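Chemist: This is what each chain is made of:
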Amino acid sequence: MHPEPQNEVSPKTIEQVYQPLTRRTFLKGAAASMVGLAGLTAALKPLLELESGAITLDDLLQKHYRELSADDLKRIMAGIADKTEKEHGVRPAVRDLKPLDGVEFGYALNLTRCIGCRKCAHACLKENNQSRDDANDIEMSYIRVLELDKGAINLETSNVYYDPAKVPQKDKFYMPVQCQQCRQSPCTKVCPVQATWQEKDGLVVVDYNWCIGCRYCMAACPYDARRFNYQKPTITKEAINPNQSYLSNRIRPKGVVEKCTFCLHRTRDGKYPACLEVCPTGARVFGNLRDPNSEINYILNNKRVYVLKEEVGTLPRFYYFFDK
Amino acid sequence: MRDYVTFLWRVWRLSWQGSVKYYAWMSVLTVLVLIGLHAWARQFVDGLQVTGMTNQVSWGAYIANFTFLVGVAAAAVMLVIPAYIYKKEHMHEVVLFGELMAIAVIVMCLLFVTVDLGRPDRFLHMIPPFGVFNFPGSILSWDVIVLNGYLLINLHIASYLLYSRYRQQQPTKKFYIPFVFLSIVWAVSIHTVTAFLYVGLAGRSYWHHPLVPSRFLASAFVAGPALMVLAFQIIRRTTRYWIGDQPIFTLRMLMTVAMIINMFLLGCELFTEFYYPTQHAAAAHYLYFGLHGHSGLVPWIWTAITLDVIGLVLLASPASRQIAGLNLACVACFVGIWIEKGMGLIIPGFVPTPLGQVVEYLPTLNETLVCLGIWAFGALMYSWMLHVAVPIMNGSLRARPELSPSTL
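For the record, the sequence lines run as chains A and B.
Numbering-wise, the first sequence is residues 1 to 324 according to the numbering used here.
Numbering-wise, the second sequence is residues 1 to 408 according to the numbering used here.
Calculated from the structure, these hints are not laboratory results.
Accuracy of the hints is not assured; some may be wrong.
Stated by the list, open to error - Dumping the calculated DSS-like pairs for lysine-lysine here, alpha-carbon to alpha-carbon at most 30 Å:
(1) K12/A x K21/B
(2) K174/B x K88/B
(3) K98/A x K86/A
(4) K150/A x K303/A
(5) K28/A x K88/B
All values derive from a computational prediction rather than experimental measurement.
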């Protein structure tokens, strides 16, 4: 059995609480505080290694991209260019390209033609300044090329690390997957701070200066289309593409999410995305969905079209189609 | 006002007075907290690369612990409901300790979310009016509201009751009873909203499942009381506040029912996944049996299932009528559910990836130290709150020490 209740705390301790502070207890307290402070300093020591300029007051006070005035944005983009020049030795031209009126981008990919050469995945890296250890490191590329067994489109048994001497392999076919620029995008819906949103031309973008790095959008994406900067991006001076824009391929800060923007710094400037230009088989078709005479609309109206994970209800602006 | 300052001063003085054992315990916890802080500072400088997370498995131990602890915090209602709705006198002795536990645990939850952020320096973006709050679209913004709200409600109730007791006054009902009832609904909401974080993601079939919130609540109402049963025994052994066996055995009964429901729901889940396995069962297959030669989670989940079953058998049998048997059941359930909701729920949501890749996850040392630091911080807070609350509860710390404690 347990002892009977004794509802009384050690009277000595409580007595002391009621008495005025003595010199002895004060000194004891001061000594303990010194030890505690020393411990705290030791614990926080790694913070001394923080690069100067890694976090500035300007960064902390910066507003959301959509609330910035034109002047603010200009100043911020100049700051980004300065920083890139200082850290990488290349001064980029950082621009802010707005969506064009009457344009909604769509992308289609011909699964009959794709040979799985991964040139698109590499071109994406070169264009978009992703972090990478060397030229073969395509983990941060916005395009993952799946190797699938013929006979079905079964993602569950797909392989992204395929490495045969020659592609295409006889019993396989290939399916590049990148951001599908969904009309009902789960990623923008879940973002707690609206750091990612759909632009007027349908492109889903990220404000890298607003993202808090919670990675909820990555959990929400059904296409594995988002990448996170687990470290400060590593990229060599020679590899940097100086044609940059605020919402797409500028060098990202550490700790934020990034993704494919259909190369908006090119496509809003009248050019094709880098992945399309490099494709050796012409498997990729890009254009304006609102233009009835565009090639993309021809594909949608005349080919057999497949939408990836249609059952998830994301309504992609990215389509797959077949020749025969 | 002046009384209140005196009160705070006395609380402060009392915090620094205690036995050698108290000092030793608090020092050990402080050292662990500092080790965790050190690991977090390292992570802050180098980025989340110091964790085991990847693009493929983009949430890990931090979010797993967060999810589990939200449940433990919600479980304070297991004391509040019997005490205030069924008017069980014996539960009133302990209900405050449950509320204090909820406060400590919610703070741990908030810390776990914060250390998971890639840009903790931008946390203000989540707080209106400084940020752009994606409400009501993002369930994470709901979670920010319900978690902080729950923290405030419990802070209010606990501090009001303690201060009244200190002043030897009967608490005014209208100042706290409405909040007590609000806290019941709110407790359910914190765990439901946290479940919705996952259930709302249609692209992850392992989570997109209506059973998840019910299982969250059922398992939380086991894990939370399990921790309380153990904590109450520590309180009655180490302090001069008597907690009888009655509240402990009321909790045993509640845990038993919750554990039966939890295991039943687990059975339903297993049947759905494995009787006629579809592609959507790939994550469950990875968890329980491994997939394409990867089986990192298999030992974890079978340990959890074994502990759950041991816990259930002990709880449902006369063995747990003895305090030793009950303690064993509590430890088994607590650890079992911690694994099940952490490694067993969060990680398989990412494996395989939506494109079919299998990338395995294991926390790194640095990540583990951060977790340990936060657990130690929770224990430190709860110990401190008890150290102050117990003398107030038993009347030895009171506004007018010259009056006898029984004037209440």
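Chemist: When the hints from earlier in the document are held up against this structure, which numbers fail?
Modeler: Number 5 - this is the single hint that the structure violates.
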